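Q: Below, each chain spelled out in residue letters.
There are 2 protein chains.
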Amino acid sequence: MKKMELDIDISNLSTSGSVAEVAKEIEKTPEKNRRDFLRKGFLFSVTAAAALGGVGATKLQAQPHVNPENLPPNNPEWGLKWGRDNNSDPYGFPSKYEANVVRRFVPWLTADQKAAVSFTPWQDLKGIIVPNGLHFTRCHGGVVDINPLEWRLLIHGLVDREVVLTLEDLKRYPSVSVIHAFECAANNGMEWRGPGLNSLQVTHGMVACSEWTGVPLKVILEDIGLKPEAKWMFPEGSDPAGVGRSVPIEKVLDDAMLVYAMNGEALRPEQGYPVRLFLPGWEGAIQIKWLKRLKFDTKSWMVREESTKYTMLQSDGHAKMYNWSFEANSVITSPCPERSWKGVKKGPIIVEGIAWSGKGTITHVDVSTDGGKNWKEAKFTSIVLPKAVTRFAIEVNWDGKPMMLQSRATDDTGYTQPTAKQLVKARGKESVYHRNAIQTWEVKSNGEVNNVHIYA
Amino acid sequence: MKKMELDIDISNLSTSGSVAEVAKEIEKTPEKNRRDFLRKGFLFSVTAAAALGGVGATKLQAQPHVNPENLPPNNPEWGLKWGRDNNSDPYGFPSKYEANVVRRFVPWLTADQKAAVSFTPWQDLKGIIVPNGLHFTRCHGGVVDINPLEWRLLIHGLVDREVVLTLEDLKRYPSVSVIHAFECAANNGMEWRGPGLNSLQVTHGMVACSEWTGVPLKVILEDIGLKPEAKWMFPEGSDPAGVGRSVPIEKVLDDAMLVYAMNGEALRPEQGYPVRLFLPGWEGAIQIKWLKRLKFDTKSWMVREESTKYTMLQSDGHAKMYNWSFEANSVITSPCPERSWKGVKKGPIIVEGIAWSGKGTITHVDVSTDGGKNWKEAKFTSIVLPKAVTRFAIEVNWDGKPMMLQSRATDDTGYTQPTAKQLVKARGKESVYHRNAIQTWEVKSNGEVNNVHIYA
Chain A
499 MKKMELDIDI
509 SNLSTSGSVA
519 EVAKEIEKTP
529 EKNRRDFLRK
539 GFLFSVTAAA
549 ALGGVGATKL
559 QAQPHVNPEN
569 LPPNNPEWGL
579 KWGRDNNSDP
589 YGFPSKYEAN
599 VVRRFVPWLT
609 ADQKAAVSFT
619 PWQDLKGIIV
629 PNGLHFTRCH
639 GGVVDINPLE
649 WRLLIHGLVD
659 REVVLTLEDL
669 KRYPSVSVIH
679 AFECAANNGM
689 EWRGPGLNSL
699 QVTHGMVACS
709 EWTGVPLKVI
719 LEDIGLKPEA
729 KWMFPEGSDP
739 AGVGRSVPIE
749 KVLDDAMLVY
759 AMNGEALRPE
769 QGYPVRLFLP
779 GWEGAIQIKW
789 LKRLKFDTKS
799 WMVREESTKY
809 TMLQSDGHAK
819 MYNWSFEANS
829 VITSPCPERS
839 WKGVKKGPII
849 VEGIAWSGKG
859 TITHVDVSTD
869 GGKNWKEAKF
879 TSIVLPKAVT
889 RFAIEVNWDG
899 KPMMLQSRAT
909 DDTGYTQPTA
919 KQLVKARGKE
929 SVYHRNAIQT
939 WEVKSNGEVN
949 NVHIYA
Chain B
499 MKKMELDIDI
509 SNLSTSGSVA
519 EVAKEIEKTP
529 EKNRRDFLRK
539 GFLFSVTAAA
549 ALGGVGATKL
559 QAQPHVNPEN
569 LPPNNPEWGL
579 KWGRDNNSDP
589 YGFPSKYEAN
599 VVRRFVPWLT
609 ADQKAAVSFT
619 PWQDLKGIIV
629 PNGLHFTRCH
639 GGVVDINPLE
649 WRLLIHGLVD
659 REVVLTLEDL
669 KRYPSVSVIH
679 AFECAANNGM
689 EWRGPGLNSL
699 QVTHGMVACS
709 EWTGVPLKVI
719 LEDIGLKPEA
729 KWMFPEGSDP
739 AGVGRSVPIE
749 KVLDDAMLVY
759 AMNGEALRPE
769 QGYPVRLFLP
779 GWEGAIQIKW
789 LKRLKFDTKS
799 WMVREESTKY
809 TMLQSDGHAK
819 MYNWSFEANS
829 VITSPCPERS
839 WKGVKKGPII
849 VEGIAWSGKG
859 TITHVDVSTD
869 GGKNWKEAKF
879 TSIVLPKAVT
889 RFAIEVNWDG
899 KPMMLQSRAT
909 DDTGYTQPTA
919 KQLVKARGKE
929 SVYHRNAIQT
939 WEVKSNGEVN
949 NVHIYA
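Respectively, the protein sequence lines represent chains A and B.
The working numbering applies: residue 499 is where the first sequence begins, and numbers increase by one.
The working numbering applies: residue 499 is where the second sequence begins, and numbers increase by one.
Among these hints, one or two may not hold up.
The calculated lysine-lysine pairs, modelled on DSSO-like cross-linking and capped at a C-alpha distance of 27 Å, are [claimed, not checked]:
#1 A/K899 to A/K840
#2 B/K840 to B/K871
#3 B/K612 to A/K594
#4 B/K844 to A/K716
#5 A/K844 to B/K716
#6 A/K716 to B/K877
#7 A/K612 to B/K579
#8 A/K877 to B/K749
#9 B/K843 to B/K942
#10 B/K612 to A/K579
#11 A/K843 to B/K716
#12 B/K919 to B/K818
#13 A/K874 to B/K716
#14 B/K594 to A/K594
#15 A/K716 to B/K843
#16 B/K877 to A/K749
#17 B/K749 to B/K857
#18 A/K716 to B/K874
#19 A/K729 to A/K797
#20 B/K807 to A/K579
#21 B/K844 to B/K871
#22 A/K877 to B/K716
#23 A/K612 to B/K594
#24 A/K807 to B/K579
Note that these hints are calculated values from the structure, not bench results.
Here the structure is a predicted model, which is why all the values come from computation and not from measurement.
Please model the entire structure based on the sequences and the hints provided.
A: If you want it as structure tokens, here you go:
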């Protein structure tokens, strides 16, 4: 972060209604009001640099009362000179001060960067929509760049009329737009054997939520005709790793879509541009990217990605296939290891987080400050939609004593997120996928936040 | 667009389940099926290059039946070699093939590029969420770059406790996330005197829709105390043009927010980073960007931006102040001048568009193909939320005869979008703001689409 010039004199701040002028005005207010302000104002005092973690190294203490020293440490030049041309960015970017808000990688996690995972920085996000530039990615053979004019989709097998569609053919079918969560089966997967990295971005950064637009597969199949003996669909992508999966016909005819837009604009290359399969509430890996064909047949293909991988190991050593949808899950996003309470004033403070379920609508989220002994219901602070990320928040009183913070989501199927102990009992500690145990953040008395497991 | 190599032989396409292999398989299907396909397949035939306008110059006709010529014109190399590294973009960007999907400017519209307008490319968008990089912009003195650690907000005047907040102070208050449309009062403003530019992006590109996160002003005022005699709020921004507006206290206490995030991430600089005022359903100009202070007082300030500008001229020559909220409005996004039906096969075709209202929820949208003589109700194809953009679509049968396409939105206040004739009668032709007349797109028999006005 480049520091601004320090040699601008406060007296130069002659803009009407400048902070300097109004600060002087406040100085004239009666002594009692100023005392009140002095007393109450401290409630929101916070070490901004710590809380904005990573933006800059400057320690900056909010001032407890209004006087000229309350001005920013460097007299800002904004508002005193023309800004940048408004046409400088035909496609806009975040502020340079947000350069730290990015997807992150764990280099040793995969054999190479073609098959890598990038994680969504939930510690920096608000609301439920994840901007496309920050949606987590998982590729098996690198990001494929497809020319949309040359893209084709073959639909064949047990259909009445086999077709090869261009992108514009596909776009002539009626489309719908739906807001849904999207989660990789391996989200939280590094936590099976015990606490993994001390990072919300890594523990829960493989879930996102977007508005998806595309054509319901049902619509296409009504047009070209599906033979009654078709029980499975095999979507295959133009992935150099040869990625395909078997999808049961019930899901295909329920809410499967061929999507080509995401949060309004075209799918991003790393999400399958120009067209991917979308199966609301199901694990990401089955939602084939860079789609090139759909084959309909009588039985499952038992391919690598559904027989040796993406199966769920149980505590008895057996593995279960076909664990497609993700169950109710939640995590606290503030505080978290990356957004701790170091330097934060004690007292009332907001704890907030995200909850989601691939099976239905989140009906309530409870929060515990004592590792699950006592629970209080949080409030929803966003729209609540089926199979979508939902925001929750609750005010807690932090007296500076250590806390064991947890959140626990319930969806409208009646399912409640399990404890780590319950999950280990059912599935052991050697699994990879679909880990949705209650997450514990240990808050130390100095405000530090750590990823811990409680198996008691 | 770089053309791919042409010298790869089809026989080299040995990937399992390649389009080439499967095409051969289809060639083996009985003659009758192939004839059916030949007959029905043509329904979706379209000149892809024309429909994808601007992406590439290659004319590319979808094939009416499946054979090896059905392969893309150049044998694609995707899927045959490793893709790009997955960690190449920590903050991701659209595909290079989408380089044409950008905000656009009309250079002569404003005196210089500090006070310019950029327009959202609705002709390229789907769903209701507009990606932040494509949200229209309107600045009065250029884009201001504020250091969030140095940003301060002064709240003063008729409050019990005057405060200066840092960004982290503000973020300690509980936040909410809401999905709402955002519209400039001048959207469609170039249409008052007659048809303006032949472009959806210009006629209706100053409306967008996002998920906004911030603190309800009510929450802050409950904390610091609002004096009963406070009737107006004056928000002022760090805009070099000195931009502020008077906001009645009723709106402040209803749903006004101080927002710091937009579609999950921090506000973009051109949208007021780090904090702007947000007033759901009201014209954009009053939602002050780069906020530096809020003053509470007994009466309106009658500043330039609410007395000489942003007033509504009536047909009797008088101008009305305080026309804050935008009324029900709609426009067809496909087809439109930029996304015509040139080269598109006649027959059933989807007409789609967006509707929005600052006063409530869209309850229905009607579509006419004959300039408003007959109407048919369209279907909603997205989530329908109050004060938000809503998607609609309807299938029409295009027989190649000219059409006068219109859409007409109604909201839950009972208000219906007026015709151009009704609007001219009420407000003349010399106005600038809040034009929400029914838009007419003339579809010529060659598929060309033009912006026309019907005053009959």
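Q: State for each hint whether it applies.
A: Hint-by-hint comparison with the structure:
{"no.": "1", "hint": "A/K899 to A/K840", "in the structure": "13 Å, holds"}
{"no.": "2", "hint": "B/K840 to B/K871", "in the structure": "25 Å, holds"}
{"no.": "3", "hint": "B/K612 to A/K594", "in the structure": "19 Å, holds"}
{"no.": "4", "hint": "B/K844 to A/K716", "in the structure": "24 Å, holds"}
{"no.": "5", "hint": "A/K844 to B/K716", "in the structure": "24 Å, holds"}
{"no.": "6", "hint": "A/K716 to B/K877", "in the structure": "17 Å, holds"}
{"no.": "7", "hint": "A/K612 to B/K579", "in the structure": "11 Å, holds"}
{"no.": "8", "hint": "A/K877 to B/K749", "in the structure": "24 Å, holds"}
{"no.": "9", "hint": "B/K843 to B/K942", "in the structure": "14 Å, holds"}
{"no.": "10", "hint": "B/K612 to A/K579", "in the structure": "11 Å, holds"}
{"no.": "11", "hint": "A/K843 to B/K716", "in the structure": "23 Å, holds"}
{"no.": "12", "hint": "B/K919 to B/K818", "in the structure": "20 Å, holds"}
{"no.": "13", "hint": "A/K874 to B/K716", "in the structure": "25 Å, holds"}
{"no.": "14", "hint": "B/K594 to A/K594", "in the structure": "23 Å, holds"}
{"no.": "15", "hint": "A/K716 to B/K843", "in the structure": "23 Å, holds"}
{"no.": "16", "hint": "B/K877 to A/K749", "in the structure": "24 Å, holds"}
{"no.": "17", "hint": "B/K749 to B/K857", "in the structure": "13 Å, holds"}
{"no.": "18", "hint": "A/K716 to B/K874", "in the structure": "25 Å, holds"}
{"no.": "19", "hint": "A/K729 to A/K797", "in the structure": "6 Å, holds"}
{"no.": "20", "hint": "B/K807 to A/K579", "in the structure": "23 Å, holds"}
{"no.": "21", "hint": "B/K844 to B/K871", "in the structure": "23 Å, holds"}
{"no.": "22", "hint": "A/K877 to B/K716", "in the structure": "17 Å, holds"}
{"no.": "23", "hint": "A/K612 to B/K594", "in the structure": "19 Å, holds"}
{"no.": "24", "hint": "A/K807 to B/K579", "in the structure": "23 Å, holds"}
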